[in-house]
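> Here the structure of chain A is known, so what remains is to put chains B, C and D in place on it, guided by the hints.
4 protein chains.
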Amino acid sequence: MIRFTTSGESHGKALVAIIEGIPAGLKINQEYINKELSRRQQGYGRGKRMLIEQDKAEILSGVRHQRTLGSPITLLIPNKDYKNNQDIMSPFSYTKVVKPLLKPRPGHADLPGLIKYGLEDVRDILERASARETAARVAVGAVCKTFLKEFKIDIMSYTLQVGNVISDVSAVQKGEFWKNVETSSLKCPDIKAELQMRRLIDRVLKKGDTLGGKVVVVAKNVPIGLGSHTQWDLKFDGRLARSLISIQAVKSVEFGLGVKLAETLGSAAHDEIFYSKKNGFYRTTNRAGGIEGGLSNGEPITITCTMKPLPSLVNSLTSVNLETKKMSKAEVVRSDVCAVASLGVVCESALACEIASAFKEKFGADSLNDIKNNFNSYNKRQKAL
Amino acid sequence: MIRFTTSGESHGKALVAIIEGIPAGLKINQEYINKELSRRQQGYGRGKRMLIEQDKAEILSGVRHQRTLGSPITLLIPNKDYKNNQDIMSPFSYTKVVKPLLKPRPGHADLPGLIKYGLEDVRDILERASARETAARVAVGAVCKTFLKEFKIDIMSYTLQVGNVISDVSAVQKGEFWKNVETSSLKCPDIKAELQMRRLIDRVLKKGDTLGGKVVVVAKNVPIGLGSHTQWDLKFDGRLARSLISIQAVKSVEFGLGVKLAETLGSAAHDEIFYSKKNGFYRTTNRAGGIEGGLSNGEPITITCTMKPLPSLVNSLTSVNLETKKMSKAEVVRSDVCAVASLGVVCESALACEIASAFKEKFGADSLNDIKNNFNSYNKRQKAL
Amino acid sequence: MIRFTTSGESHGKALVAIIEGIPAGLKINQEYINKELSRRQQGYGRGKRMLIEQDKAEILSGVRHQRTLGSPITLLIPNKDYKNNQDIMSPFSYTKVVKPLLKPRPGHADLPGLIKYGLEDVRDILERASARETAARVAVGAVCKTFLKEFKIDIMSYTLQVGNVISDVSAVQKGEFWKNVETSSLKCPDIKAELQMRRLIDRVLKKGDTLGGKVVVVAKNVPIGLGSHTQWDLKFDGRLARSLISIQAVKSVEFGLGVKLAETLGSAAHDEIFYSKKNGFYRTTNRAGGIEGGLSNGEPITITCTMKPLPSLVNSLTSVNLETKKMSKAEVVRSDVCAVASLGVVCESALACEIASAFKEKFGADSLNDIKNNFNSYNKRQKAL
Amino acid sequence: MIRFTTSGESHGKALVAIIEGIPAGLKINQEYINKELSRRQQGYGRGKRMLIEQDKAEILSGVRHQRTLGSPITLLIPNKDYKNNQDIMSPFSYTKVVKPLLKPRPGHADLPGLIKYGLEDVRDILERASARETAARVAVGAVCKTFLKEFKIDIMSYTLQVGNVISDVSAVQKGEFWKNVETSSLKCPDIKAELQMRRLIDRVLKKGDTLGGKVVVVAKNVPIGLGSHTQWDLKFDGRLARSLISIQAVKSVEFGLGVKLAETLGSAAHDEIFYSKKNGFYRTTNRAGGIEGGLSNGEPITITCTMKPLPSLVNSLTSVNLETKKMSKAEVVRSDVCAVASLGVVCESALACEIASAFKEKFGADSLNDIKNNFNSYNKRQKAL
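Residue numbers (the working numbering), protein chains in the order written: chain A, 270 to 654; chain B, 270 to 654; chain C, 270 to 654; chain D, 270 to 654.
The shape of chain A in the complex, shown without the other chains (with noise of 0.2 Å):
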């Protein structure tokens, strides 16, 4: 098993992240973690905080001589913005007075965070629902990563989708379809649509107005196997579903073809299964995205998610003052545009830590010599079957 915790308020000191169970004798590359970081915060359309901010994660236990040691990992990323906002966000008592935020903003945490715990304030509920708080899981999908590199899993995303802009996948090709994506300032695969992109972000920044989208992620070369059918609790597509769902303004999750499995006859929804003595089982199509009946099927894990576009407007919605009840217009936060191209480095996280989680649970162990061991061992019987 693997799991983490992250913590950490968006203009506080630093967000945290520990993560356990991270086998020992990996190499961290502090490097990679803060690459990864800095591919969060890139994205046409993102807002000026990501001039402040330039994320870097410190190591502050877990790693010894660029190893693990097989204890928690902790990751600190200090909030630059933090000696601005000392006396807003001080643990300690305040003297000068701090003006509350009054009005809560539709498509926030706010309203019902507030009124789950009994507080007063918009802040003491914004700060930690922030999508600051993705930072501190991409450093965690870093280590993931990392972890899953070992065993050639890798784990890619792009933009599928930026408003009513839609890439056209089929057209882009093959060879060039990854490379584009690395190079394009959307992550998206298709320049044409990417160019359009672009164009819309530009005008709706303009009026004030912001952008959702969709992006795929894919994680390919995952073994077979990982999830299970026999409870409800151990689908694996379950698991990827909660932790995908969970990132800040994400509102669908599709497997494989996803919604148009719904029009799709039952002779053009699934995979066929071949073999051949070189490959030993495949499959000619992926429609399941990868997971049938619960469990990862050796075809490339397959994801769409549908972001919301983001809820902090420049011309903000409209809202109530909650000490006055009287109509009002949302308070006005920092925010981004689109942030869809930052969303498919937080989904890569997202799912980068469930595989290595369901991934140690099927391959135990706890040095990663170990774990190489028993997975050459399971791909063996595989082949030999």
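What the hints contain is simulated information worked out from the structure, not anything from laboratory work. As the structure is a computational prediction, the values presented were derived from the model and not from experiment. Heads up, some of the hints might be wrong.
Unchecked claim - Straight-line alpha carbon distances no greater than 30 Å define the calculated DSS-like cross-link-like pairs of lysine-lysine that follow:
#, chain 1, residue 1, chain 2, residue 2
1, C, K365, B, K296
2, D, K448, C, K461
3, D, K448, C, K595
4, B, K595, A, K649
5, B, K296, C, K418
6, D, K418, B, K649
7, D, K448, D, K421
8, C, K529, D, K649
9, A, K598, B, K652
10, B, K325, B, K349
11, B, K598, A, K529
12, A, K594, B, K489
Relative to chain A, chains B, C and D alone:
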């Protein structure tokens, strides 16, 4: 916390479920549980096994004189078809040779399950992976619904789509909506669409093919503040997504507007906040599907689930014989043409269990009366805001 | 991970247990489970109910043709005494008046249970709190022991003390030890002590009083490295302690020298480390009871549990009538004079479940053969140290 | 539910703890946390590291203006000794050769840890296994105690035994008891015994040996009904036992009379039940240590923990050099002669965390005020019995 486990193979002796955490003092009506089980078995397009099994749950523990004791509740649903399968499914050693099933069905757990567990007879996997398991979940759901009804929380579902036929929900008169659903053989609110769906099912049945679709599950009167924005694994939508995706054949979940949010502008994608003395805070839209920032916001929780067409086909798909490794048609196992109407009932159960669990975490307590006190006290505080 | 749940009231229809995570391909012998159940029911000093109930477990799921499928295993133990208690324990509404029990027994869950759950009839608590529940745990334990035997892990127990009679363990010849335990009516290795214990039991029975004692549970051949030093809730001794203390009437657990360690000097309290080519690292003492730093260290896990004298007394203790609030003798419920011999069997089961669970976490895998491969590969690495 | 995780190596940069589930609106006093940290570092017999480290916890998240937000609370305790160990403990690659520790210490995680995790330098294990980790637990405990104080739940501890010197608790005047504990350099209520303990410590220090002992932890005013009799893993004593045994060097836990219950007759082993209008149900004895049937019964929870003598000896024990396999004295690592007084503080923390967690499960809610309402409503119901 409420937790539950199910067990049982499709043609084994029985399905069993154990539910823990239901408070003491709740009146349990066995008839109601059986009625829910019967709802699951209905629907135009279901196969012949439904005639064999008329599920009844026997209460083995946790209930005395119709009232819960706070102890684990055990529900046992005998499989009537076991008597025809005793040799095949016996837990004891057997003398007769039972012919193994060797041709795994695409779209099922069959192949990844066999590989994972190192087994050789497809039956060893399909028996547990079968959607018959959902009968146990529906029994558990009936108990959870009984609990939630004490707080006026109602859980319903309807069929939005079967194959390419989509209900025109907007055309249905409000007062007719749930009445239509109740009387419809497909739980469809749009009577015209239902007719088309039935015709489609008839046509597809003749071709030996199967149909998927979409259902919408709704929970009304859920209090504000279930779930939490504070940690990824506490988000309520994440928990619900796990639970729904874990249902056999569900391949996507969408909250509120779901995939449509990708193309909606921020200014039109959220639910503005209003206030009246009588109603407190309220919304006039429910695009979020009742969840903001991982918290229930008091609006109906509304989730759309896509069901893939069942992969047990009469004209079965291409597969491989596990022994000979030769290409072969997959095993043919009795199944349904279309089980979308049943799926709704199962989704209701999944929703009921998660809401009941989060409800009990929020309001604590072990006796129904205490929970009512706590619930009322929370509502009173909320009204005084 | 292996997890299990039990359910059932003492005089309800049945006890049920569901176990998950037992790997596929394990041979299950129903006779062995029943033999273990029978061991639990024996012992000098057990009461008359033992004559009524001769527990047999029925396997309802998870096993096909004597072999596990990897799916949840359901074990059902009918309560033969239910037929005499149908009116009293029926899950249905009842017409006859059933007299409530109103005088909670000190030392039982009766009073705190009633208060917690807001109930009024002592029976509503005592039925589930009864140590009869341990029959279900023993059935689960038998399955876990079957799994562990594949790896030569043996779990045994013996009676160290009954009342003030203490076995002189040092006086027993090594070769006689377990033989004596097996043939002893009290699972006592010291034949002389056993005789005294039986006399004591006879005397105390006449007085209507009860006796506690101590049992020692031992697990041999546990591999090095179960549990972890890295986090408080992963320590193996902590997990074992929870499991053992959770057994009805157990009031203390001691690892290795236990309470004697308080007065032992550091130089005499630990197990020095030696090495030989043949045996690898080894110890010549086992003061730690097989656990160092929260990890199994390869020596026999050795835990002493204290059982309080059963609080169901014929000459019942002072209590209060819940209705009248008048002082009153507590309810008299049929029980045993001394159940120390049975406790050993239950402790073995608890130990077996925790070891099996930690074992599977360490060696992963879902098929028995894979686990064997992983286990052997770990042992090979260890020997190459 | 309250959950917490700690991280950090003994000579790494810092210890960190993240606590989740503390309700919103609780006043947090950083001084109090530091006072608790300081209590842990005191006690006659502690070593020199205590002079280097004067632990202070920095609050990184979850608290704003001294009040909890309901979000995860992060506490960071820098290791002052890190500056002297940077090369040795750096997470980065290192140029200088750091000499590995090769002689595992008996009684520590050293050897089983290295084998489990496939590591080669004893330091890779001992740094995390060190009891310095308990500083993080004490910080967490201070937060939980703050929460519990709102409900008048007090948690204390005293030293019962050091080596073979046992406090004569019965000889201490009731009014003096806790005053003596507070002023004692060994948290010992019996002033005469304390003097003997100090002399013993002095003598043993000279010999280069170490001392264990016993502490008693007590929680007063715990409400009736924490934990549950309904399932093995919900029993409150089981949870407490896990938590206490998970503390470094604790080798036994005893509830109430503990091991003495083995020799006590049933008629003298339980706490009879009385009733008065003023006090409701009450007891005049507390042999059960406040727990019956896995449930708190309203009496002080009273647990005795045995601490083994610390295994880090100046005259170190026999071990084996991991490289040469030759017999060798174990590594000598700076430690304490006797840490029994500190153990009490750590046990208090463990108790506080489990009580706080069970308390929140029972009374639910996310805001301190709501919990108070629920708590009062429960008490009112109880009084009306």
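> Now tell me if each hint is right for this structure.
Against the structure, the hints:
1. The straight-line distance between the Cα atoms of K365 of chain C and K296 of chain B is roughly 18 Å, inside the 30 Å bound, and the hint therefore holds.
2. Between K448 of chain D and K461 of chain C the alpha-carbon distance is near 49 Å, which puts this suggested pair outside the 30 Å criterion.
3. Between K448 of chain D and K595 of chain C, the direct Cα distance comes to roughly 39 Å. Violation of the 30 Å bound is thereby established for this hinted pair.
4. Straight-line distance between C-alpha atoms of K595 of chain B and K649 of chain A comes to about 21 Å, which keeps the hinted pair within the 30 Å bound.
5. Proposed proximity of K296 of chain B and K418 of chain C is contradicted: the alpha carbons are some 45 Å apart, above 30 Å.
6. Note on K418 of chain D and K649 of chain B: the hinted pairing holds, with a Cα-Cα distance of about 26 Å set against a maximum of 30 Å.
7. Between the alpha carbons of K448 of chain D and K421 of chain D the distance comes to roughly 19 Å, so the proposed pair stays at or under 30 Å and holds.
8. For the hint linking K529 of chain C to K649 of chain D, the alpha-carbon distance of about 45 Å lies beyond 30 Å, and the restraint is violated.
9. The hinted pair formed by K598 of chain A and K652 of chain B meets the criterion: a straight-line CA distance of about 22 Å does not exceed 30 Å.
10. Among the hinted pairs, K325 of chain B with K349 of chain B is consistent with the structure: their alpha-carbon atoms are about 10 Å apart, no more than 30 Å.
11. A distance of roughly 25 Å separates the Cα atoms of K598 of chain B and K529 of chain A; the hinted pair therefore holds under the 30 Å criterion.
12. With a C-alpha separation of about 25 Å, the suggested pairing of K594 of chain A with K489 of chain B holds against the 30 Å cut-off.
In this structure, the earlier hints numbered 2, 3, 5 and 8 are contradicted, and the remaining ones agree with it.
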